[in-house]
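**Student:** Sequence:
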Amino acid sequence: MQVKARPFKATLEFIENRFGPAKLKTFLAEYSEFSIINETPDFDWLELNLFIRLSEKTDSYFGFGDLSLLYEIGVFSARQAFEKSHKLFKDITPLNFVQSGPALFASYYRVGRPEFEVLTDRKARLTIRDFCESKAVSKRIAAWLKEGITAAGAKHASVAESEPKDNTLSFCVEWEE
Numbered sequence: 001m002q003v004k005a006r007p008f009k010a011t012l013e014f015i016e017n018r019f020g021p022a023k024l025k026t027f028l029a030e031y032s033e034f035s036i037i038n039e040t041p042d043f044d045w046l047e048l049n050l051f052i053r054l055s056e057k058t059d060s061y062f063g064f065g066d067l068s069l070l071y072e073i074g075v076f077s078a079r080q081a082f083e084k085s086h087k088l089f090k091d092i093t094p095l096n097f098v099q100s101g102p103a104l105f106a107s108y109y110r111v112g113r114p115e116f117e118v119l120t121d122r123k124a125r126l127t128i129r130d131f132c133e134s135k136a137v138s139k140r141i142a143a144w145l146k147e148g149i150t151a152a153g154a155k156h157a158s159v160a161e162s163e164p165k166d167n168t169l170s171f172c173v174e175w176e177e
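Residue numbers for the sequence shown follow our numbering, so the first one is 1 and each next one is one higher.
No lab work stands behind these hints, which were simulated from the structure alone.
One or more hints might be untrue.
Said to hold, decoys possible - In silico EDC-like cross-links for lysine to aspartate or glutamate, where the CA-CA straight-line distance does not exceed 20 Å:
no., residue 1, residue 2
1, Lys165, Glu56
2, Lys4, Glu56
3, Lys9, Glu72
4, Lys9, Glu33
5, Lys9, Glu83
6, Lys135, Glu163
7, Lys23, Glu56
8, Lys135, Glu161
9, Lys165, Glu117
10, Lys155, Glu72
11, Lys135, Asp166
12, Lys135, Glu115
13, Lys165, Asp66
Unchecked claim - Between beta-carbon pairs, the in silico distance windows are:
no., residue 1, residue 2, range
14, Glu33, Thr93, 18 to 28 Å
15, Asp91, Thr26, 38 to 48 Å
16, Asn49, Arg129, 10 to 20 Å
17, His156, Ile92, 14 to 24 Å
18, Glu30, Glu133, 20 to 30 Å
19, Arg113, Lys25, 17 to 27 Å
20, Asn49, Lys23, 16 to 26 Å
The model shown is predicted, which means the values in this text are computed figures rather than measured ones.
Note that the Cβ used here is the ideal one computed from N, Cα and C, for glycine as well.
Work out the full structure, taking the sequences as your base and the hints as a guide.
**Tutor:** Given below as structure tokens:
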């Protein structure tokens, strides 16, 4: 059960940009298990449990414990992706973006079974089965989805998360064009 190193690195970059290099250094000194992140190339894989712990520790150390910081990190991570490796999504429709969801998900995670269901021409559901029950990861994915669909031209996008249950995360995405 693995996650691409890029989202880990985006977390550390967000911390450094938002709180400064000294705070990042102090955080990494306190949580030495995360030092492997800087040593891992962007496209290598790290364990999902490490990603969950990084997200939770980041929220408790720098945030308010309400997961809002993780939402900000999800937005930051998506913006980085859409400015670099996912530039082509700026030229597709929001519906095409949603339909590309399973392939995008598989480019970041070696765990879970993503299922996208188009409900209407401006509404879809993403369900990730056999994944995890982490509210922290759910918050990051929700932010990433909203930012991604916005990059694909959606206006007034919203993402509603369901409560994680039975190793499944679920999101309802709505937008206007």
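**Student:** Can the restraint linking Lys9 and Glu72 be considered satisfied, given a maximum Cα separation of 20 Å?
**Tutor:** With Cα atoms ~15 Å apart, Lys9 and Glu72 stay inside 20 Å; holds.
**Student:** Lys135 and Asp166 were given as a pair; does the straight-line alpha-carbon distance stay at or below 20 Å?
**Tutor:** Holds. Lys135 to Asp166 sits at ~13 Å (cutoff 20 Å).
**Student:** Determine whether the Cβ-Cβ distance between His156 and Ile92 falls within the hinted range of 14 to 24 Å.
**Tutor:** 18 Å, holds
**Student:** Mind checking the alpha carbons of Lys9 and Glu83 for me, to see if they're no more than 20 Å apart?
**Tutor:** Holds: Lys9 and Glu83 sit about 16 Å apart, inside 20 Å.
**Student:** Run the distance test for Lys165 versus Asp66: straight-line Cα separation, threshold 20 Å.
**Tutor:** 19 Å, holds
**Student:** Do the beta carbons of Asp91 and Thr26 sit within 38 to 48 Å of each other?
**Tutor:** Given range 38 to 48 Å: holds, Cβ gap about 42 Å.
**Student:** Does Glu33 lie within 20 Å of Lys9 when you go C-alpha to C-alpha?
**Tutor:** 14 Å, holds
**Student:** Is it true that the CA of Lys165 sits at most 20 Å from the CA of Glu117?
**Tutor:** 19 Å, holds
**Student:** Could you grab the alpha-carbon distance between Lys165 and Glu56 and see if it respects the 20 Å cut-off?
**Tutor:** 18 Å, holds
**Student:** Measure nothing beyond the straight line between the CA atoms of Lys135 and Glu163; if it is 20 Å or shorter, mark the hint as holding.
**Tutor:** This hinted pair holds, its Cα atoms lying about 8 Å apart.
**Student:** With 20 to 30 Å as the target window, see if Glu30 and Glu133 comply at their CB atoms.
**Tutor:** Hint holds: Cβ distance 26 Å, inside 20 to 30 Å.
**Student:** Using the C-beta atoms of Asn49 and Arg129, is the stated range 10 to 20 Å upheld?
**Tutor:** With a Cβ separation near 18 Å, Asn49 and Arg129 satisfy 10 to 20 Å, so the hint holds.
In this structure, the hints that do not hold are numbers 14 and 19, in rising order.
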